[in-house]
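Trainee: Sequence:
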Amino acid sequence: MRPILIKQNLLLNNANSTLNKPNPLRLLTKRQINKWNS
0 MRPILIKQNL LLNNANSTLN KPNPLRLLTK RQINKWNS
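Just so we're aligned, residue 0 is where the sequence shown starts under numbering that gives the first Met the number 0, counting upward by one.
Rather than coming from a laboratory, the hints here were simulated on the basis of the structure. Every residue gets a Cβ at the ideal spot worked out from N, C-alpha and C, and that includes glycine. Just so you know, not all the hints are guaranteed correct.
As the list claims (entries may be wrong) - Cβ pair distances, simulated, as ranges:
| no. | residue 1 | residue 2 | range |
| --- | --- | --- | --- |
| 1 | Gln7 | Asn33 | 24 to 30 Å |
| 2 | Ser37 | Ile3 | 19 to 25 Å |
| 3 | Arg1 | Trp35 | 31 to 37 Å |
What the hints assert, rightly or not - Straight-line alpha carbon distances no greater than 20 Å define the calculated SDA-like cross-link-like pairs of lysine to any residue that follow:
| no. | residue 1 | residue 2 |
| --- | --- | --- |
| 4 | Lys6 | Thr28 |
| 5 | Lys34 | Leu11 |
| 6 | Lys6 | Ser16 |
| 7 | Lys29 | Lys6 |
| 8 | Lys29 | Leu11 |
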């Protein structure tokens, strides 16, 4: 694996663990994304 890929995976893992924590901000972000997508 290349260092760049490893770095990207770490970033993704961090993002995922942050998203998995239940918090109001996450819900708000989800709503925003839905708005942008519609």
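Trainee: Now look at each hint and say whether the structure bears it out.
Mentor: Consistency of the hints with the structure:
no.	hint	result
1	Gln7 with Asn33: 24 to 30 Å	26 Å, holds
2	Ser37 with Ile3: 19 to 25 Å	34 Å, violated
3	Arg1 with Trp35: 31 to 37 Å	32 Å, holds
4	Lys6 with Thr28	24 Å, violated
5	Lys34 with Leu11	23 Å, violated
6	Lys6 with Ser16	15 Å, holds
7	Lys29 with Lys6	25 Å, violated
8	Lys29 with Leu11	17 Å, holds
Going through the hint list in order, the structure does not satisfy hints 2, 4, 5 and 7.
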